[in-house]
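Protein chains: 2
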Amino acid sequence: MSITEEILSAKEKKRILSSSSAESRNKAILAIRDELVANKEYIFSENQKDLDNAASLPDSIRHRLLFDQKKLKQSLISLEDVASLSDPLDKVLEKRSLCDEMILKRVSVPLGIIAMIFEARPDALIQIVSLALKSGNVIVLKGGKEAKNSNRALFEVIRKALRKTDIPEDFVILMESHSDVSEILSLSGIIDLVIPRGSNSFVRYIMDNTSIPVLGHADGVCSLYVDKDADLEKAVKIAVDSKCQYPSACNSIETLLVHEDVSESFLPLLKAAFEKENVVMHSDKKAFSLIGGIKIEDDEEYRMEFLDKEINIKVVSSLSDVFAHLERYSSHHTDSIVTDNKETARVYAESVDSADVFINCSTRFADGYRFGLGAEVGISTSKIHARGPVGLMGLTSSKWILSGCGDVVSDFAEGRRKFAHKDLL
Amino acid sequence: MSITEEILSAKEKKRILSSSSAESRNKAILAIRDELVANKEYIFSENQKDLDNAASLPDSIRHRLLFDQKKLKQSLISLEDVASLSDPLDKVLEKRSLCDEMILKRVSVPLGIIAMIFEARPDALIQIVSLALKSGNVIVLKGGKEAKNSNRALFEVIRKALRKTDIPEDFVILMESHSDVSEILSLSGIIDLVIPRGSNSFVRYIMDNTSIPVLGHADGVCSLYVDKDADLEKAVKIAVDSKCQYPSACNSIETLLVHEDVSESFLPLLKAAFEKENVVMHSDKKAFSLIGGIKIEDDEEYRMEFLDKEINIKVVSSLSDVFAHLERYSSHHTDSIVTDNKETARVYAESVDSADVFINCSTRFADGYRFGLGAEVGISTSKIHARGPVGLMGLTSSKWILSGCGDVVSDFAEGRRKFAHKDLL
Numbered sequence: 001m002s003i004t005e006e007i008l009s010a011k012e013k014k015r016i017l018s019s020s021s022a023e024s025r026n027k028a029i030l031a032i033r034d035e036l037v038a039n040k041e042y043i044f045s046e047n048q049k050d051l052d053n054a055a056s057l058p059d060s061i062r063h064r065l066l067f068d069q070k071k072l073k074q075s076l077i078s079l080e081d082v083a084s085l086s087d088p089l090d091k092v093l094e095k096r097s098l099c100d101e102m103i104l105k106r107v108s109v110p111l112g113i114i115a116m117i118f119e120a121r122p123d124a125l126i127q128i129v130s131l132a133l134k135s136g137n138v139i140v141l142k143g144g145k146e147a148k149n150s151n152r153a154l155f156e157v158i159r160k161a162l163r164k165t166d167i168p169e170d171f172v173i174l175m176e177s178h179s180d181v182s183e184i185l186s187l188s189g190i191i192d193l194v195i196p197r198g199s200n201s202f203v204r205y206i207m208d209n210t211s212i213p214v215l216g217h218a219d220g221v222c223s224l225y226v227d228k229d230a231d232l233e234k235a236v237k238i239a240v241d242s243k244c245q246y247p248s249a250c251n252s253i254e255t256l257l258v259h260e261d262v263s264e265s266f267l268p269l270l271k272a273a274f275e276k277e278n279v280v281m282h283s284d285k286k287a288f289s290l291i292g293g294i295k296i297e298d299d300e301e302y303r304m305e306f307l308d309k310e311i312n313i314k315v316v317s318s319l320s321d322v323f324a325h326l327e328r329y330s331s332h333h334t335d336s337i338v339t340d341n342k343e344t345a346r347v348y349a350e351s352v353d354s355a356d357v358f359i360n361c362s363t364r365f366a367d368g369y370r371f372g373l374g375a376e377v378g379i380s381t382s383k384i385h386a387r388g389p390v391g392l393m394g395l396t397s398s399k400w401i402l403s404g405c406g407d408v409v410s411d412f413a414e415g416r417r418k419f420a421h422k423d424l425l
Numbered sequence: 001m002s003i004t005e006e007i008l009s010a011k012e013k014k015r016i017l018s019s020s021s022a023e024s025r026n027k028a029i030l031a032i033r034d035e036l037v038a039n040k041e042y043i044f045s046e047n048q049k050d051l052d053n054a055a056s057l058p059d060s061i062r063h064r065l066l067f068d069q070k071k072l073k074q075s076l077i078s079l080e081d082v083a084s085l086s087d088p089l090d091k092v093l094e095k096r097s098l099c100d101e102m103i104l105k106r107v108s109v110p111l112g113i114i115a116m117i118f119e120a121r122p123d124a125l126i127q128i129v130s131l132a133l134k135s136g137n138v139i140v141l142k143g144g145k146e147a148k149n150s151n152r153a154l155f156e157v158i159r160k161a162l163r164k165t166d167i168p169e170d171f172v173i174l175m176e177s178h179s180d181v182s183e184i185l186s187l188s189g190i191i192d193l194v195i196p197r198g199s200n201s202f203v204r205y206i207m208d209n210t211s212i213p214v215l216g217h218a219d220g221v222c223s224l225y226v227d228k229d230a231d232l233e234k235a236v237k238i239a240v241d242s243k244c245q246y247p248s249a250c251n252s253i254e255t256l257l258v259h260e261d262v263s264e265s266f267l268p269l270l271k272a273a274f275e276k277e278n279v280v281m282h283s284d285k286k287a288f289s290l291i292g293g294i295k296i297e298d299d300e301e302y303r304m305e306f307l308d309k310e311i312n313i314k315v316v317s318s319l320s321d322v323f324a325h326l327e328r329y330s331s332h333h334t335d336s337i338v339t340d341n342k343e344t345a346r347v348y349a350e351s352v353d354s355a356d357v358f359i360n361c362s363t364r365f366a367d368g369y370r371f372g373l374g375a376e377v378g379i380s381t382s383k384i385h386a387r388g389p390v391g392l393m394g395l396t397s398s399k400w401i402l403s404g405c406g407d408v409v410s411d412f413a414e415g416r417r418k419f420a421h422k423d424l425l
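Chains as they are written, first to last, in this note's numbering: chain A, 1 to 425; chain B, 1 to 425.
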């Protein structure tokens, strides 16, 4: 069967999944947990094949690729966590009496079919399957090719688990080649959402090559602005955390803006802290005169996403400068301000048009788990559907259910009845 | 200035608009009302030019094109209504304490720049401008070419009104040619949403020719299912309203499904009612044997959107037949069931995956005003962002605002602090 045929045949399973009870979906998640434990030796041995093939790759990739007892344990906990989250489906989002006995409800429903393309991380496959199952969606998966054997083994074990449950095993579909990915990008109207994770250029490629809605973000050019009314000690601490706590994450900062009134006192403190962390500093003209570093020659450098211990530093003379800089160079993912001036904080929060706008805290908090969303599907910089860290609700849509008693519009159009519109929620 | 240059220069006005108070946006809406009254003779005379040019067009088009004292009065009421609606911006949608003093909020914000392409109806221009203003969005407009002079006059009057307010007049931009429309469709990343209204093929054209998110619907193939446990008298009343109350509306039915157990008793009643209304009936084999009509020869006919007093009638033998029919032929806009069996109604509401799923009432209720949304931007059959009738909230996005006190992620990653995640809403 081609991948398109597989997806078309799964389409019929959508209804079973969307009308399944939360209980049976949670039971299926726990069945996957049990089956992973029962088949762990098989999974470990398949993972070893991938590790052997990846012998020449960097440690960071091999570390993500590894699926051992420890990663298994984390996955089991994560499955239990997802099973215990509240049901994202059938939530009543609006409820209104229109007139007499006519009751209108808007309830959450699954999106339908989601395609997810992600890194070479076998544990990610398990998490994605559990989130799709929890939210009642058919899931079409493609993991990084380095994890091919591990993913195939996990996929088989998951399907084996599902055969013991009420959930159709083919709600999860595995893509194994790049041509599968190209093929599914044309299935607009069949696949409801594509979620790509990976490099900037990869996400951009997906966005440019499909008319299916895409959830995610390509760039993560985040910033920290140190205001003239900032507590400078806090500012240093936040800057170090935002840059160094995990430099390759999308929510790490690439740019530090500082108000000229405090630049002379702040930048030497920052330099000392960054030098301890071996951060390479790129400085604009004013910053260069104060702390040296590599001179920024071209404003286009502010678009750079280093994803490493490297940063652009720029001195600004007003909040308007900050807004103008962000409007031009921010990817509107996460931007943060350090200030003790409440009015400045308010204007900043109101004026900066980014998915996450932070005050006096590290940009690294931009994350579904830290936000308390239970689980994270990804971070969206789109303004449509879901913005910022996306939890299970981002995998749902809604429908309107109107229940009447023989009601017709002509009675209202001709003045015999009138709408009352009474909110019931 | 080209249309792209106009839009790029308005981009800078986005921040003024998004941080404007509800009061100043409402004042601007009322200023437009006053300016329309002050300039009504000019608007009427420009509208007369359009009517003269449209002398050979059908009455239905000329009726929509007309902007007279009566339409003006309706527009003034509609402006007052929109001004009095609650502010869709700065609504706190989620609020959570993450740990100690760290407070996370998700608040509604404008989408940014919206392009709307609509029919030759001058009153629609006024309504669209008021909805965009209320929701703090820059609006790029294109009305049907038959209304060219009227739209230009209204646009001038609206800008004149805005010059007397805090809202920048160029938040509203008028497109006057088809080439303007082609040009803006390429402004992905600048325009946040396109809302096309008009014929099926026009909406489809827009959807196929832009990577900007599109809100709307191309097809409106809606259905009514008369169950074996239906009150047949109510069913006839609902069928007549759903088909005849306004046949050219997208929420009118094109298909009537009837359970075989009641087809012999129901279809003659339906036929009598439809004949009084001059409805042309297309019947499947079983329906034909009972009430005649035009025989349906090819199942593809079920995709037909008549938009007129014409209907397809099909006899089914189970709920599964209904689901299979809808999965294949419904445009998932609005589908309704007539039944007195509560369990059947429940299964139908749960299983039918359409934007609007109705029980014992006319499909014609699928409308933002009737739903109590205050004002309707359009009806979306997309599962992303907004589904079904879309009110002002469909023109908003949200952002996350996290306010802390020097908090860093390393404290949490290294176990010195723990997330509490306490919902505050």
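It should be emphasised that the hints constitute simulated quantities derived from the structure, not laboratory data.
Don't be surprised by glycine CBs; every beta carbon is placed ideally from N, CA and C.
Do not rely on the hints blindly, as some may be mistaken.
Quick look at which bits of chain A chain B covers, simulated, 3 or more residues with Cβ under 8 Å [said to hold, decoys possible]:
1. 15-23
2. 130-140
3. 200-206
4. 282-292
5. 370-376
6. 413-423
Taking the hints in turn, this is what the structure says about them:
1. Interface restraint, the region 15-23 of chain A with chain B: holds (3 residues with C-beta to C-beta distance below 8 Å; minimum three).
2. Check result for the region 130-140 of chain A against chain B: violated, 0 residues qualifying (beta carbon to beta carbon below 8 Å, three or more required).
3. For a cut-off of 8 Å, the count of residues in the region 200-206 of chain A with a CB near a CB of chain B stands at 0, and the three-residue condition is violated.
4. Closer than 8 Å: that is the beta-carbon criterion, and the region 282-292 of chain A has 0 residues meeting it against chain B, so the requirement of 3 is violated.
5. Note: the region 370-376 of chain A has 3 residues with beta-carbon separation from chain B under 8 Å; the three-residue rule is met and the coverage holds.
6. Taking a C-beta to C-beta cut-off of 8 Å, the region 413-423 of chain A contributes 4 residues in contact with chain B, enough for the three needed, and the coverage statement holds.
Of the numbered hints given earlier, the model fails hints 2, 3, 4; all others are met.
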